[in-house]
Amino acid sequence: MSKKNPEYDFKWCPGCGDFAVKRAIEMAMRQWTIKTEEPIENTVIVAGIGCSGNLVHLVDGDQPFGIHGVHGRTLPISLGVKMGNPNLNVLLVAGDGDFLSIGGEHIAPAAKRNLNVCAVVMDNGVYGLTKGQSSPTTIIGEITPTTPFGKVEDSINPLDLYLTLGVSYVASGFSSKVKEMAQLIQDGMEHPGFSIVHVQSPCTTYNDNYDVLRGNAKKGIAPLAYDVGEEHDSSDIEAARAIVNEPGIPLGLIYQNPNSIPLDARVTKSQEKTSFKSAEDQIDAFTL
Amino acid sequence: MNNSDFVVRFAGEGGQGMVTSAEGLAQAAAQVGYHVQTFVTFPSQIMGGPTFAQTRLSASPILSSGDYLDALVCFNKEAYETHKDDVRDGGVVIYNSEDFQLDDSSNSVGLPFAELAKSTGNARAENMIVIGAFAHLISMPREYLETFVTKRFTRGRPGDEEIIRANIEALQLGGNEISKSGFQLGELPPPQPPEGDQILIKGNDNLSLGAIAAGVNYFVGYPISPATTILVYMERNLVGPGRFVYQAGSEIESINAIVGGGYSGAKAMTSTAGPGFSLMSEGIGLAWMAEIPLVIADIQRGGPATGLPTKTEQSDFLAALHPAHGDASIPVIAPGSVEECYDAAVHAFNWAERYQGPVVILSDHQLSERSQNIPRPNPNAIPIERRNVYSGNNGYLRYEGESVSPMPLPGGKGAYVANASEHDPSGDTTHLPHRHVEMTERRFAKLKLLENEHFESLNTQSSIAVIPWGATKGSMKEAYDILEAQGLDIAWYYTMFLHPLPIKLLEELQSKDLVIVPELNYLGQFASYLKTLDVRAKAITKYEGLPFKVADLVDKITETVTEFRSRKVRA
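Quick mapping for you: the protein sequence lines, in order, are chains S and H.
Going by the numbering used here, the first residue of the first sequence is number 6, and it counts up by one from there.
Going by the numbering used here, the first residue of the second sequence is number 1342, and it counts up by one from there.
Don't read these hints as lab results, they were simulated from the structure.
Bear in mind that the values here come from a model prediction, so they are computed numbers and not experimental data.
Built from N, CA and C at the ideal position, the CB exists for glycine as well.
One thing to keep in mind: the hints can contain errors.
[Claimed, not checked] Simulated coverage check for chain S against chain H, where a stretch passes if three residues somewhere in it have a Cβ under 8 Å from a Cβ of chain H:
#: 1; region: 84-95
#: 2; region: 270-279
[Claimed, not checked] A few chain S positions that, by computed beta-carbon distances, are all more than 10 Å from chain H:
#: 3; residue: TRP17
#: 4; residue: MET32
#: 5; residue: ASN47
#: 6; residue: PHE154
#: 7; residue: ASP165
#: 8; residue: GLY171
#: 9; residue: TYR215
#: 10; residue: SER240
#: 11; residue: LYS282
[Unchecked claim] Which residues of chain H face chain S? A few of them, derived with a C-beta cut under 10 Å, are:
#: 12; residue: GLY1374
#: 13; residue: GLN1539
#: 14; residue: ASN1547
#: 15; residue: LEU1550
#: 16; residue: GLY1556
#: 17; residue: TYR1559
#: 18; residue: VAL1580
#: 19; residue: PHE1585
#: 20; residue: ALA1598
#: 21; residue: PRO1616
#: 22; residue: GLY1752
#: 23; residue: HIS1772
Chain S with its partners taken away, still in its complex shape:
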């Protein structure tokens, strides 16, 4: 809505990876509406707090519904939206601080539920909106305003974490590869269960690691990010675990559980064991 709304004055910095994520999400939503023949209003974007969450106000073209909630709670809010109306396509956007730090406690239950939503996590290795503090993916030793003498914690490996927690669809994207990212998001939306597309989305102001990710031959920097390639079997959890623990950042579909049964289907099945009870029926149970 931003282009039509002069009052909304939020801006990403030039070169921010989040621009690419926005484009990828717009492409994926468009493909999804064509494929399912459902209107865009059937999609809800649940946004976290941070630079990334502002994406929900910046979507161009036909507008999906959105919630710009509180810090760290995209997953429980998504649980609410999806199970309140299981016909909706629920997409979640959050940063590494929102999703992995303050919101980290919600990933494991969402994975065990196999909540049928697609989370797009924009990882820039820093708290950008609050001006450059250390985040869970900031590497050890890094100097930031909250780690003036170097970060003392190990950084987490998000892809390994997701696999360990049992997320049924884990993909890795990069803001320099918009088309590939769009496909991963679209596949994630179609996956019957919890999908995470973890995106390297550099912060050009506080943590510009484009050179590190892409490589820079002139500066003699080898690329950290690489394509998983055709030979990777994404239905093999052991292969997925191996690849995310090797040096570098693999890009592409890391793992997809071929036998994934989403929460909404589990609930429907469980409810088959019982039947609807009206208020009158329930009051009767207390009759003397």
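Fit chain H to the known structure of chain S by using the hints.
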């Protein structure tokens, strides 16, 4: 002494059948048309620990679970020592002679509980021994209890007949054994069954029924005493197509999930108690800010922090009113009886749907666990409201205007961003000063939609009034009736709608010289709120984790009124 109204307390170690005894007696008496009320309190542990449960039964309507005991049934010495002072003059102690002996037999009688039970062939019939003994003391016809036992254990299982036989024998044995003592408490008059169908129900179950009748179709909760029974009720009963019930990973998950549920169009609810309510703060603020209808039932227990998980207190009022940071004030409905728990839930949903925001139901431990006979609720008595859903085209400004506006639902037209940040009419984030002014005033203006005129009043010309809230209503009303009979000139007011208060009620309270507020907390929370509304309020407080005794309220109110009047004369 009142011969048509008896209170018995069963006390001992958790697991010895205290609650079963109290509930069984209540059910048996209610089935034949007596008025009953139970009170249960226990420690926060799975098994054991000092526990007690009491039953009050009467031929006429009752409002509290009773101050003093006509009979105390002690399963062990500790129970006797703890509760003996609550036995009224002329009351009787029935104790387990296998555990201890009492020298003074002028008001006590020992029975070998376990030995008597074993002799019936059913070692688990101890509670029937003590119920039988108590029933003898009040000359309660045996067939009442025998009918109850037969009904309860006729479950279509092979052993039913034997269990019924042994339990009936136990009832008789208890009665026969105690008859040897010669004690008698009086003669229970025949029941005068209340008009209309009755049910026997606990506060939390009735609150759940009200929510079901109001159309709740989305419930997410997390176990916490004393609210767990609502989650458990919903898990069993909120089933079938279009309904969703779920145990979340924390109260933070619960509240944010119901925000999402309410946003997607569901009638969403959670239940919790103090510690969980604290965790929900930010999420409640989100619902207020983004204008999402939802209902939170806070079943108060002793606080702060972990506090007294299984004891009663009314200390969450200010937290319910202002759970979150920033300018917000959440509507609060506090049921004052088991019966009102149902209506409170229906009204809470109606409010949430009408003003499109969060509503808190403030119940408490004593109501949650209390069994009481009440008129059968009528699901058609209160019209069920549904939010105004937007049905126009795209490009809608959801937050435009000075009060509530139609709410678009995902899947339909009118896509918008429900925003926890301050926003413009479209839902996009803004920092403009005039927007924050407009939007803040819009959110507060919506509260006006909730004002009603539902309150009770008596003797309104008096310049001194009393206004209890929540579960204190019952004991205060019994105290009020006594004070009135003693000739004290004092007005009575009561409402379950604590915020916003009925306008006319507030005006009347403002006109009084003194408004006395009995409440179970240290701060005098509701009184302090009334003071901010220019009411000359004064709290009478208690914070022991137990309800008010009627007699204590009579004394304290008399004292407060006398002191106030004498000061006025001196002035």
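Going down the list of hints, with the structure as the test:
1. 84-95: holds (count 9)
2. 270-279: Since three or more residues must qualify, the claim that chain H covers the region 270-279 of chain S holds, with 3 doing so at under 8 Å.
3. TRP17: Fine: 14 Å to the nearest Cβ keeps S/TRP17 off the interface.
4. MET32: Non-interface label on S/MET32 holds, nearest chain H Cβ at 18 Å vs cutoff 10 Å.
5. ASN47: Nearest chain H Cβ is 5 Å from S/ASN47, so the label is violated.
6. PHE154: holds, 32 Å
7. ASP165: holds, 21 Å
8. GLY171: holds, 14 Å
9. TYR215: holds, 28 Å
10. SER240: holds, 28 Å
11. LYS282: With a cut-off of 10 Å, S/LYS282 comes too close to chain H, as the shortest Cβ separation is near 6 Å.
12. GLY1374: holds, 9 Å
13. GLN1539: holds, 6 Å
14. ASN1547: holds, 8 Å
15. LEU1550: holds, 6 Å
16. GLY1556: holds, 9 Å
17. TYR1559: holds, 6 Å
18. VAL1580: holds, 5 Å
19. PHE1585: holds, 5 Å
20. ALA1598: With a minimum Cβ separation of about 4 Å from chain S (threshold 10 Å), the hint on H/ALA1598 holds.
21. PRO1616: At 16 Å from the nearest chain S Cβ, H/PRO1616 fails the 10 Å test, so the hint is violated.
22. GLY1752: holds, 5 Å
23. HIS1772: holds, 8 Å
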